[in-house]
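A.B. asks: Residues per chain are reported as follows:
Protein chains: 2
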Amino acid sequence: MAAGRRPGPSRTRETILEVARDEFARRGFDAATVRQIAGRAGVDPAMIAHHFGSKQQLFLAALQVPFDPAAEIAGVIDGPSGQLAARLLTRLLSVWDSPAGAGAIAAVRTAVQRDETAGLLRDLALSQALRPLIAVMPGTPEERLWRANLAASQIIGLIFTRYVVRLEPLASAPPPDVVAAIAPTLQRYLTGPVERG
Amino acid sequence: MAAGRRPGPSRTRETILEVARDEFARRGFDAATVRQIAGRAGVDPAMIAHHFGSKQQLFLAALQVPFDPAAEIAGVIDGPSGQLAARLLTRLLSVWDSPAGAGAIAAVRTAVQRDETAGLLRDLALSQALRPLIAVMPGTPEERLWRANLAASQIIGLIFTRYVVRLEPLASAPPPDVVAAIAPTLQRYLTGPVERG
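Keeping their order, the protein sequence lines are chains A and B.
Quick note on our numbering: the first sequence kicks off at 799 and runs consecutively.
Quick note on our numbering: the second sequence kicks off at 799 and runs consecutively.
Just chain A, same shape as in the assembly:
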């Protein structure tokens, strides 16, 4: 940061989140400490408690960055409903393929390690990513939640297969190829027939 300029509250918040993301990704949720994060961010641990609350809440905040899933999804909701899945997948690949994606990949890997942090990921998926989709789906509330679960299963699977397990050729496939292959599935989950047995 520029010498002689005192960081404002929002810059401090960003610094804390950047350090937290790095610490959680490198050490895992258990080993990372608020004290260590505060030390590297150059703030008092009490300031982190004030801004974010608990270590869990800090992690949740760190998971939400470097992009806002709700905002990304809101950006693709408008348009022909028959191409919603294609727009959603195109946006998802463009964000996760970008430099910002690396932080998200690290966060997701860390999140699935333990029940507690996997629960944070579940909360994040439901409150941020799936809610705006549920709002535009057809069916009863129960059916919409079922659709959202199915959509999550394909989206989470794509993220893990392409970015974590890195199965080839999916990991290196051009985004239009991935969208062409997976959009029909996701579109069915979002708006098509999704029988229960």
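Just so you know, these hints were derived from the structure itself, not from any lab.
Watch out, some of these pointers could steer you wrong.
Now the stretches of chain A that chain B is said to cover, found in silico as 3 or more residues with beta-carbon under 8 Å [as the list claims (entries may be wrong)]:
| hint | stretch |
| --- | --- |
| 1 | 838-845 |
| 2 | 951-957 |
Okay, the calculated beta carbon distance ranges per label pair [said to hold, decoys possible]:
| hint | chain 1 | residue 1 | chain 2 | residue 2 | range |
| --- | --- | --- | --- | --- | --- |
| 3 | A | His-849 | B | Ala-869 | 50 to 60 Å |
| 4 | B | Asp-828 | A | Val-893 | 27 to 37 Å |
| 5 | A | Ala-847 | B | Gly-877 | 50 to 60 Å |
| 6 | B | Glu-812 | A | Ala-898 | 40 to 50 Å |
| 7 | A | Arg-912 | B | Ser-970 | 13 to 23 Å |
| 8 | A | Ser-879 | B | Arg-833 | 34 to 44 Å |
| 9 | A | Asp-921 | B | Gly-840 | 52 to 62 Å |
| 10 | B | Glu-812 | A | Asp-913 | 23 to 33 Å |
| 11 | A | Ala-847 | B | Pro-991 | 46 to 56 Å |
| 12 | B | Asp-921 | A | Asp-913 | 24 to 34 Å |
| 13 | A | Arg-833 | B | Pro-974 | 45 to 55 Å |
| 14 | B | Ile-932 | A | His-849 | 22 to 32 Å |
Glycine included, each C-beta is placed from N, C-alpha and C at the ideal position.
Given the coordinates of chain A, assemble chain B onto it according to the supplied hints.
C.D. replies: Coordinates of chain B only, in the frame set by chain A:
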């Protein structure tokens, strides 16, 4: 084990694998040590090297247990090809919902933590789970591998969503409901049209 009875080689192997699964799941790949595993299993570390080779190979062996993916898949290949996905999903849910599934869930969570162990999971997926499927798919070798990647994305996504992230209602849904909703997708990936963009 029964007093006064010396364990045979296959019992020793099983004991080592059980301890290894538990240690890898609890400590992660990096922190777990062959020495510690040998200690808890009551064997010399040299015996682990003899039976399994490196720590990576021991981990791969631990990942393959408590069930053999290749054998499970071989058991559902025969039958009408139009219902292959339904048979595959039904078998997958029955194994992962069983007590044996808990060990597999722990192993998968551990595996995705690091590039090295995610690579083991990739090798496992390709060599054990996908190869018997690729053998019965239509298309060129390149297209079959693409199909296998897409199938993996839905299967891995189902596993993470139902067993790790535990999104509801998918996590508690009766197997026939899950099969009815997801089989059409998996069937398309295995034998239907899978265009590239």
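A.B. asks: A separate judgement is required for each hint: does it hold in the structure or not?
C.D. replies: Hint check:
Chain B is given as covering the stretch 838-845 of chain A, and this is violated because 0 residues of the stretch bring a CB closer than 8 Å to a CB of that chain, at least three being needed. Counting residues of the stretch 951-957 of chain A whose C-beta lies closer than 8 Å to any C-beta of chain B gives 6; at least three are required, and the coverage claim holds. For the pair His-849 (chain A) and Ala-869 (chain B), the beta carbons lie near 53 Å from each other, so the given range of 50 to 60 Å is met. Checked against the hint of 27 to 37 Å, the pair Asp-828 (chain B) and Val-893 (chain A) passes, with Cβ atoms roughly 29 Å apart.
Between Ala-847 (chain A) and Gly-877 (chain B) the beta carbons are some 59 Å apart, a value that agrees with the proposed interval 50 to 60 Å. Restraint check, Glu-812 (chain B) to Ala-898 (chain A): a C-beta distance of roughly 46 Å satisfies the suggested window 40 to 50 Å. For the pair Arg-912 (chain A) and Ser-970 (chain B), the supplied restraint of 13 to 23 Å holds, since their beta-carbon distance comes to about 20 Å. For Ser-879 (chain A) and Arg-833 (chain B), the Cβ-Cβ distance of about 59 Å falls outside the hinted range of 34 to 44 Å, so the restraint is violated.
Taken as a hint, the range 52 to 62 Å is violated for the pair Asp-921 (chain A) and Gly-840 (chain B), whose Cβ atoms sit roughly 42 Å apart. At about 27 Å, the CB distance of Glu-812 (chain B) to Asp-913 (chain A) agrees with the hint of 23 to 33 Å. Between Ala-847 (chain A) and Pro-991 (chain B), the C-beta spacing of about 54 Å keeps the proposed range 46 to 56 Å intact. At roughly 27 Å, the beta carbons of Asp-921 (chain B) and Asp-913 (chain A) sit within the given window of 24 to 34 Å.
A C-beta distance of roughly 50 Å is found between Arg-833 (chain A) and Pro-974 (chain B), which places it inside the suggested range of 45 to 55 Å. Taken as a hint, the range 22 to 32 Å is violated for the pair Ile-932 (chain B) and His-849 (chain A), whose Cβ atoms sit roughly 51 Å apart.
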